[in-house]
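Build out the structure end to end from the sequences listed, making use of the hints.
As they're listed, the protein sequences go chains Z and R.
According to our numbering, the residues represented by the first sequence are 1 to 115, in order.
According to our numbering, the residues represented by the second sequence are 1001 to 1112, in order.
Please note that the accuracy of each hint is not assured.
Stated by the list, open to error - One side of the interface only, derived from the structure: several residues of chain Z facing chain R at Cβ under 10 Å:
no. : residue
1   : Y35
2   : F69
3   : L88
4   : S108
Just so you know, the hints here were simulated from the structure itself, not pulled from any lab data.
Ideal placement from N, C-alpha and C gives every residue a C-beta, glycine not left out.
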Amino acid sequence: ETGVTQSPTHLIKTRGQQVTLRCSSQSGHNTVSWYQQALGQGPQFIFQYYREEENGRGNFPPRFSGLQFPNYSSELNVNALELDDSALYLCASTTGLRGANYGYTFGSGTRLTVV
Amino acid sequence: QQQVKQSPQSLIVQKGGISIINCAYENTAFDYFPWYQQFPGKGPALLIAIRPDVSEKKEGRFTISFNKSAKQFSLHIMDSQPGDSATYFCAVGGGSNYKLTFGKGTLLTVNP
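Laid out in structure tokens, this is it:
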């Protein structure tokens, strides 16, 4: 049984560019959530996908969007990158509609630096 | 409004000592209270979690104490080891929430 895999591990982008981050969820998990973790802070919820539909969203602007595919892997897209978007982006998978209540498995994250 | 307040921000403990980290929350609708451990360059890993129907849960050297009336819960690490040196996050979830709300973290250093 594999865990949560994220790619790439590190990324440097220029302000105004667009970025796509990828996540393969743990086998058997149908819920994927994305979190942003700024340096020295706790993770902050971006959104959650359950069976390919977004069913929860945090306080992030619409330029943060996502997808979940039939195999339950997921993408996080960020348009018009800003310097404050520099952070560790974490993908977490679990099962169930209210996934957070059942214990996440987190990936190791993608470190995004916007210059 | 900060929904989860975690303290202390950092903690230094000698090997074999007890590490105690505290969290306070505001919304009584929460019913899931996990602690996560994060090493540098890694994602958070679930350490132990509790539901509000019990006041204490123990797994090995790790214990959660839960005080529903005070809206507080804490993590106790017994016989702390240098390998426990990491950042610890409390979180709250449940009710109609789809998400976990995390505290700001506690950097634990266990000296040999």
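Hint by hint, here is what the structure shows:
At a threshold of 10 Å, the smallest CB-CB gap from Z/Y35 to chain R is about 8 Å, leaving the interface hint in force. Look at Z/F69: its Cβ only gets to about 19 Å from chain R, farther than 10 Å, so that hint breaks. Hint status for Z/L88 relative to chain R: holds, with the closest Cβ pair at about 8 Å, below 10 Å. About 5 Å separates the beta-carbon of Z/S108 from the nearest beta-carbon of chain R, less than 10 Å, and the hint is met.
The structure fails to meet hint 2 from the earlier list, while all remaining hints are met.
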